[in-house]
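Asker: Spelled out, the chains give:
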Amino acid sequence: MNKAIIDIKNPVLTIENLSVSYEKGKYAVKDVSAGVKKNSITAIMGPSGCGKSTLLRAINRMHELYPSIQTLGKIYLDNKDISSIPSIKLRQKIGMVFQRPNPFPTMSIYDNVIAGYKLNGTRIKRSKKDKIVEKSLCDVVLWDEVKDSLHKRGTFLSGGQQQRLCVARTLAFQPEIILMDEPTSALDPIATAKIEDLLTELKKKYTIILVTHNMSQAARISDFSMFMYLGELIEYGKTKELFTNPVNKKTEEYLTGKFG
Amino acid sequence: MEILLKYKKIQTDGFSFRLAKNKVFFCFMIFMSMIAISPVIFIIAKLIIKGIRQINLDFFYNVAPNTLEAMTAIANGEIIPGGIANGITGSILMVLLASVMAIPAGILTGIYLSENQDKLFANIIRNISEILQGVPSIVLGIISYLWIVINITKGFSAFAGSISLAIMMLPLIIKSTEETLKMIPLTIKEAAMSLGVPYHKIIFKVLLPTGMGGLLTGILLAISRVLGETAPLMLTALGSSVINFDVTKPTSAVPLLIWEFYNDPNLLDLVWSSSLFLMGFVLILNIIVKRIAKKYN
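Chains A and B, in that order, give the protein sequences.
Under numbering that gives the first Met the number 0, the residue at position 159 of the first sequence is numbered 158, and the numbers go up by one with no gaps.
Under numbering that gives the first Met the number 0, the residue at position 65 of the second sequence is numbered 64, and the numbers go up by one with no gaps.
Hints were generated in silico from the structure; no laboratory data involved.
Be aware that a few hints might be false.
Anything over 10 angstroms on all C-beta distances counts as not near chain A; from chain B, calculated [what the hints assert, rightly or not]: (1) I34; (2) N150; (3) L226; (4) V241.
Listed next, the stretches of chain B that the computed footprint assigns to chain A, with coverage defined by at least 3 CB atoms under 8 angstroms from CB atoms of chain A [to be verified]: (5) 181 to 192; (6) 196 to 207.
Glycine included, each C-beta is placed from N, C-alpha and C at the ideal position.
This is chain B alone, in the form it adopts within the complex (with noise of 0.2 angstroms):
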C-alpha cells in the first residue's frame, strides 16, 4: 500500500509539473501578445488624450490658421481655430482619381492572372506585380515627379499625387482579385457554361457578383493603406493651404498637414487631431471590410 502511494506521489508530481510548465508557458503567451497589441493601445490613448479637443466641426470646415492667429489662440488659452478642411478633400480626391485608375486596372489583371494560371506572360504579370508591391512608396513619388510633374502638369499637382497612389493601389488589388477568383469552384463557371454564356459574360455576371466580398475588400484596404501614405505626396501633389479642388494644382491631403504641423511649433496640437482623425478614418474602413468579408461568407 505504501509503495502504492509512493508511486502515486511520483506519478502526480510528474504531472504536476508539467501542468506547471503548461502554465507558465501559457501566461507567456499572453503576455506577449499583450505587449505586441500594447502599442496600438497607447498610441490610440495618446492621440484621443491630445486630440480629441480639437475636434469640432469647424475642424471638418475649415483650413487650418496662420501661425500668428494660432499663437493668440493659444496665449489666450483657446484651442487653436480652424482645420483640415483643404486636407480630407485633397485626400478624397486624390483617391478617388487612384481608385478611378487602379481599380479597373487592378481587376482586369487579377481576372487574368487567375484565368490564365500557368501561362508564361501571366507568371511575369504576376511577378512583376510582387515587385511593385516591393517598391518603397518613396521612389514611387519621385517616378511620378518625374513622369507627371516635370511632363505633364508642369508643376506639383493632385493628379501627379494620385497617379503615384495609383501605382500603390495596382498590386494590392490585383493580388486579391486573383486570390478572390480562385477560391470560387470551377463548378459554377461550368454551369455557366453550360447555359451557353458566353466568356465575357461569364466574367462579368458571374465570377465577379461571386466573388464580389473579395473584391471589394480587397479595394477597400488599398484605399486604407494609401489613404496614410506621405512620402509620395510630399514630392507630387506638395501641399495646398486651401481647398483645392482642381487636379493639376498643388493639393494638400490628411497626412501632409501633419508633416506640415508638425514642422510649425504654433501648430502642434493639430497634429494630435488630424492623427485621431486619419487613425479613425483607417479604423471604420478597416471594420467595414470585415463586415463586408463576413457577410459574404
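The following block holds chain A by itself, in its conformation from the complex (with noise of 0.2 angstroms):
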C-alpha cells in the first residue's frame, strides 16, 4: 500500500516508529511515525479496532498502567523524550478528555476543575486556586452556567456541560496538547456543537489531538488528519487535500463510506 504522510516542521510532538501490543506478537500499533502541528487540531480516524484509541493513550503514557501492554518506539514532546519526563508532569503537560464524560462523581464542580491539584496534593492558595477555576471553567464557556452553583455536585449537569467540566479540568493545567478520545460520541448534536465550537477556539492557546468516528467532524473542525488501518498510519495530510484528493485507495474508499 502507498503511505502518503506529511510532514510536519517544527513539530510540538513527535512519534517515531511507535508499536503497541496487548498480547505478545499481536500489534494493535504498527510502526506509527508522525509530527504534530503546534495549536492545530488533528484528526485521528479509521474504522472500530485500528487502534486510534490506542495510539492516543500512548502519547500521555497510560499504557503503563496495564503491565501486560507492550510499548515500542519514541514520542518526543518539544524534542523531550516523554518517557524521561515523570507522568505526573507529563499527564499535566499532555491532558485527556474521554468518550463519555467522567466528573468525579463524589467532588463538587469547583473540586472537580482543580481535581488535579487536589489528587496530587499539590498545594496552591485559595486565591489562586478561584482564579484557576473561573479561568478554566471561562475557557469552556461553562461559567456562566455554573458559577452560581460551584460547590453543587460535578454529576447533576447535563451530559455536553459535564463533558465541558471534563475539559476545564484538562485545562487547569495549562496543558500543551489536549488528547481527545472521541470526545463528542455520546452527546447530542447541540452539545456536539458546543464542543466543536470550543475546540477551535482552543486551538488558539493549546495543540488538539482528537480521535473521531464521525468523519464530517473531523472534516468541519480539523486542520490535519491521520487515517489509520489496521494498527497502521496508511495517510496523513491536510484535512482538506485529504478529503478531497486521497492518496491511498483505502482512505479513498473509507472516507466514500465503503466500510468502516
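These two chains come separately, so use the hints to put the complex back together.
Answerer: Have a look at this one:
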C-alpha cells in the first residue's frame, strides 16, 4: 500500500516508530511515525479497532498502568523523550478528555476543576485556586452556566456540560497538548456543536489531537487528519487535501463510506 | 346472531376462568408472603409484650441483680431491678475491637480482589474468604480459644472474643468491598490516571470515596451480624457480672447475658427485655444501612 505521510515542520510532538501490543506478537499499533503541528487540531480517523485510541493513549503513557501492554518506539514532546518525564508532569503537559463525560462523582464542580491539583496533593493558595477555576470554566464557556452552583456535585450537570467540565479539568493544568478520545460520541448534536466550537477556540492556545469516529466532524474542525487502518498509519495530511484528494485507495474507500 | 352470542359467551367464559386462575395465584402469593413475614411480626410482638416493662433507665445503667434480689422483687410484684449495662459495654468493647481489626484488613483485601480480578492469587483469596464465610461460628470460637485464651491471655478475655468476631466480619466486609468497587466505572479511574495521580491516591482519594456508601453498608451489616453472636463468645469472652473494660479479662455481651438469664429461673423476665433491646438495636442499624445506601445512590 502506498502511504502518504506529511512532513510537519517544527512539530510540538513527534512520534517515532511507535508500536503497541496488548498481547505478545499482536500489535494494535504498528510502526507509526508522525509529527503534530503546534496550535492545530489533528484528527485521527479509522474504522473500529484500527488502533486510534491505542495510539492516543500512548502519547500520555496511559498504557504503563497496564503491565501486559508493551510499547516500542519513541515519542518526543518539544524534542524531549516523554519516557524521561515523570508521569505526573507529563500528564499535566498532555491532558486527556474521554469518550464519556467522567467528572468525579463525589466532588463539586469547583473541586472537579482543580481535581488534578487536589488529588496530587499540590498545595495552592485559595485565591489562586479561585482564579484557576474561573479561568478554566470561562475557557470552556461554562462559567456563566455554573457560577452560582460551583459547590454542587458535578454529576448534576447535563451530559454536554459535564464534558465541558472535563475539558476544564484538563485546562486547569495549562497543558500543551490535549488528547481527546471521541469526546462527542456520547453527546447530542447541540452539545456536540458546542464542544466543536470550543475546540476551534481552544486551538489558539493549545494543540489538540482528536480521535473521532465521525468523518464529518474531522472535516469540520481539524487542520490535519490521520487515517489509520489495522494499526498502521496509512495517510496523514492536511484535512482539506486528504478529504478532497486522498492518495491511498483505502482512505478513499473509507471516506466514501465503503467500509468502516 | 345466536351463534355469535354463543361464541362470545364461550370466549368470555374461558377468559374469566383464566382471570380467576390469575386471582387465585395472586392471592396465594400474598398468603405465602404473609406466612414468610409472620415470624418477624410475632417475635417483635412477643418481645414487646413481655419485655417492655423491664426497660427503664436502670436497665441501661445497672448490672443484673443476684437471684435472691430478683426473687424478692418478683414476690413483691415489682419488676426485676437492674439491667444489662455490663452486656452493653462488653458488646460495644468487643465489636469495636473486632471492627478495628477486621475493617482495614477486609477493605484492603476487597480492594486487592477488585483490582486483580483474574489473578491466580486473587482467586485463591476469594475462595478462601468464601469458605471462611461458611465456617460455623462455634468453630471460630474454638479456634480463638486455642489461639488466644490458652496461649496469649491465659484465660477467658474480651480480646479472644473480639478475635473470633473479627474473623466472622472479615468475609462479609471483603465481599461487600469487592462488589462495591467493581461497580465503579473504569472511566472514573482513568480520569484520575490522566491527571497523573499515583495509584495509591487513585484508590484512596477517588475509588474509596466514590464507593463509600457501599463500604459503609457492608461494615454496618457485618457489625449487626456479629452483635447477636453467642456461640463464639461462650468459649472466649465467657461473660462477667460486672462492667469490664479490660480486654484481658472475661467480659459480658448482650447475647451472653440472654443465655445466662435463661439459665436462672428468677431472671427469666430479663431474657425478654434484653432480647428486645438487641433486636431493636440491630433493627436500627439495618434502617441506617438502608438510609445510607439510598443517600449514596
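Asker: State for each hint whether it applies.
Answerer: These are the hints, each one checked on the structure:
1. I34: Since the minimum Cβ distance to chain A is about 42 angstroms, B:I34 lies beyond 10 angstroms and the statement holds.
2. N150: holds, 42 angstroms
3. L226: B:L226 clear of chain A: closest Cβ-Cβ about 30 angstroms, beyond 10 angstroms.
4. V241: holds, 46 angstroms
5. 181 to 192: holds (count 7)
6. 196 to 207: holds (count 7)
The earlier numbered hints are all upheld by this structure, with none contradicted.
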